[in-house]
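Chains A and B supply the protein sequences, listed in that same order.
The numbering used here numbers the first residue of the first sequence as 742 and each following residue consecutively.
The numbering used here numbers the first residue of the second sequence as 877 and each following residue consecutively.
Don't read these hints as lab results, they were simulated from the structure.
Just so you know, even glycine gets a beta-carbon here, dropped at the ideal spot from N, CA and C.
Wrong hints could be hidden among the right ones.
[Claimed, not checked] Listed next, the in silico BS3-like pairs over lysine-lysine satisfying Cα-Cα at most 27 Å (straight line):
hint, chain 1, residue 1, chain 2, residue 2
1, B, LYS1301, B, LYS1479
2, B, LYS1292, B, LYS1022
3, B, LYS1292, B, LYS1389
4, B, LYS1216, B, LYS1097
5, B, LYS1321, B, LYS1389
6, B, LYS1301, B, LYS1321
7, B, LYS1301, A, LYS902
8, B, LYS1449, B, LYS1498
9, B, LYS1216, A, LYS800
10, A, LYS746, B, LYS1449
11, B, LYS1292, A, LYS894
12, B, LYS1498, B, LYS1301
13, B, LYS1070, B, LYS1096
14, A, LYS894, B, LYS1209
15, B, LYS1095, B, LYS1292
[Said to hold, decoys possible] Computed footprint of chain A on chain B; a stretch qualifies when at least three of its residues, placed anywhere within it, have a C-beta under 8 Å from a C-beta of chain A:
hint, stretch
16, 1333 to 1342
17, 1464 to 1476
Here is what each chain is made of, one letter per residue.
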Amino acid sequence: MITFKINDQEVSARPGWTVLETAREHDIDIPTLCFHPAVSASGACRLCMVELREGSWSKLVASCIYPVAEGLQVFTETERVRNVRRWVFEMLLAACPASPEIARMAAKHGVTSTRFESHDPEQTCMVCGLCARVCEEVVGLSAIATVDRGVHKRVGAPFAKPTDVCVACGSCVTICPTGAMQSIFDSIRGVPATNLTQLG
Amino acid sequence: MHNSAIAVKTEPVRLQSAEELNALRDRIIAERDPQRLEVVVCHGTGCLASGSAKVSQAFRDALETAGIQAKVMPGIKTTGCHGLCSRGPLVVIRPQGLFYQRVQPKDVAEIVQRTLIEGQAVDRLLYRNPDTGDLVFTQDDIPFYKLQERVVLRNVGKIDPTDISDTIEAGGYQALAKALTTMTPEQVVAEIEKSGLRGRGGAGFSTGRKWRSALSAIKKKGRPVYVVVNGDEGDPGAFMDCAVMEGDPHAVLEGLIIGAYALGAENGYLYVRAEYPLAIRHLEIAMAQARAYGLLGENILNSGFSFDARINRGAGAFVCGESTALFTSIEGKPGNPRPKYIRSVEEGLWGRPTVLNNVETWANVPPIIARGADWYNQIGVPHSTGTKVFSLVGKVNNVGLVEVPMGLPLSTLVEKIGGGVPNGKPFKAVQTGGPSGGCIPYHLKDTPVDYDSLVAAGSMMGSGGMIVMDDSDCVVDVARYFLHFLEEESCGKCLPCRLGLTRMREILDSFSKGVGSEQDIADLTSLAQAIQDGALCALGASAPNPVLTTIRYFKEEYLAHVQDHRCPAGVCKDLITYAIDPALCTGCMTCARQCPVQCISGKKKQPHVIDAEKCLRCGICKESCKFGAVLIS
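The task is simple: from the sequences and hints, build the whole structure.
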């Protein structure tokens, strides 16, 4: 067992665990959006940032991917951590204004409004990539990908063309933390052909 | 320069030992008359862009017709970058070392007649000292070159990069032979550690310590281990690595092979951005030649050590210069960075221990091994040893490539070597470290240019881009420019970078329109800190630096925008108006003819007037006015 401290509380972890896993094991709340135990962690949403301190030295790390080590001093509610969280939530509220899940989670952490204008009032997807990871790692198909790069990045079928690789298992819809996959789903499979029984 | 097939100029002999390498070198030196007349034409990217290929062709044609080929042996040498790019195309006549600038094909006949045949200088093509007005004959007497110390660029501009015999003549591969025959891998690592060499790509991590950690990772995980060259230089205005790879590809290659020997690597990669076709071409030629001479590949110099490398071309993503994104790109996946909590020396390319160093870092390795760490330690300052190559660009007279000892004051670089700002005024600020770096204001002009002093000033060494700004540059606009660049280059994986850079740029956009408040400046600073703390890789984490340093040093200019709705530098279009000073205007009508929206009216020889309603604020009228009558307010 590895022992270290989170918020001055002594915790123990198995070798190979992350700081987030250890925190959850000890009921210490760290918000996450792009993390799911069924798939590998990617460290993309940065809501799970925690501060490591050692003497006067400190740095912020993503707890979902940071491996535990003996004697770590982890803090989950420092000013720097809250500053990252606050801005990520403010930006998410503007980026995904139609997602009640994000609004609920932001409110839980004290962020109820955003200084930013929304570019798309219907948007719910925050491109965390959980859908693509579950399709690749659990279903084994890679019918979903992130398309394009940088600020243009979005979720879609590979090469932005509907794909018959998709078996409509629904794993992506289930894992999606914002409910966005429900509306993206059809663009992955393509819209099914009109039901034959309705034809002439 | 061979543009046809990859060619080896002298018949390659597979070298079997260090002695054979020395013998070959002696033979090359003996065969070449040091007093031979030689026309050296710069074929660096800068000079090529200003037409140097036409100049070297003109020399070839002229020499043929002049019938003096025998006097000019071995004909015309085309080399990598000479450094003083703003004066290109550059031509040097050896053995006198006459330095001709801005040479055009029409000048060639005169050079052939006056200089090559009659042995006289063509005065009008010589450099003139801007302070004294005196003619300067040779490169070394030009102030731009005088203060430089060339370690990395030792051969750049002197050798033909496509001819390995030039490299061997200049002492290339001597360090490799020394390492292979007289040093153990452990001794090589110890020598690099002792030299104090730090990574030249950005962060300035100790190269020796990196190699040492790789050795301990190999102890734990075994081999294979990989050595990789980061040649994905992408900062706007930076071309140091480009010049090294183009002008002396063997220097990079030799460094890499020595590193491979030190770490026991059998395979290496050179990751070079596809936008550097000439660098890739020269590296390919260099590798083919090195293989033919037994300096790369199986059983190098018959030492029993085998190593080979291949070139991977980047596909245009700036973020692939980040180490983990570079690895995923080589692995054939999208170039997204991955979290770095396990270091690349332990888990890098293909999950194996990997040593990734920048082009310039690798090129530093051969001289350190050849001449020893003690020699290297004497150059520069403690904790920042050696030299650094900078590309000096922006509002500076001598735009070009310079190499100086670490620790030189910034003002020496900009004012003495760079020749100062064109309008003769003091510079306003210098952006070091590219879009990830910061803006150093004039009052810190004595800051020594070394890793730690630059960080203390809020900037960083970065890879060595140095952009000089004067009072016609607006800091809000500069910060916007760099943010927009990184916004376009973000991989989009983590939220602070993908969403945050756009949001920061939007706030700056509103500032440039005169909209905002002191609270917005505070919000921008707070958001910038969140991105620094929260972004996944160095691209995002360092992206706020230009914003934070400009707010730190030029707060009053930000306030001028948001409180007084004024852009002091006269750059932000929404905050300026163009007007014509009737006292200065001669009514020449030039501006009226040039104006793209015909918003300037006035009769000939009468003062003209600009219709501010219609004016696009493009600035063409101001540029075209010979009398300085167009004013910005």
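Now the hints, each set against the structure:
1. B/LYS1301 / B/LYS1479: The given pair, whose Cα atoms are some 36 Å apart, is violated under the 27 Å limit.
2. B/LYS1292 / B/LYS1022: 10 Å, holds
3. B/LYS1292 / B/LYS1389: Answer violated: B/LYS1292 to B/LYS1389 is near 37 Å, above 27 Å.
4. B/LYS1216 / B/LYS1097: 18 Å, holds
5. B/LYS1321 / B/LYS1389: 31 Å, violated
6. B/LYS1301 / B/LYS1321: 14 Å, holds
7. B/LYS1301 / A/LYS902: This hinted pair is violated, its Cα atoms lying about 57 Å apart.
8. B/LYS1449 / B/LYS1498: 14 Å, holds
9. B/LYS1216 / A/LYS800: Cα-Cα ~13 Å, so holds.
10. A/LYS746 / B/LYS1449: The given pair, whose Cα atoms are some 54 Å apart, is violated under the 27 Å limit.
11. B/LYS1292 / A/LYS894: With a Cα-Cα distance of about 46 Å, the restraint between B/LYS1292 and A/LYS894 is violated, given a limit of 27 Å.
12. B/LYS1498 / B/LYS1301: 19 Å, holds
13. B/LYS1070 / B/LYS1096: 24 Å, holds
14. A/LYS894 / B/LYS1209: 16 Å, holds
15. B/LYS1095 / B/LYS1292: Roughly 49 Å separates the two Cα atoms, so the pair is violated.
16. 1333 to 1342: violated (count 0)
17. 1464 to 1476: Coverage by chain A is violated here, the residue count being 0 at a Cβ distance below 8 Å.
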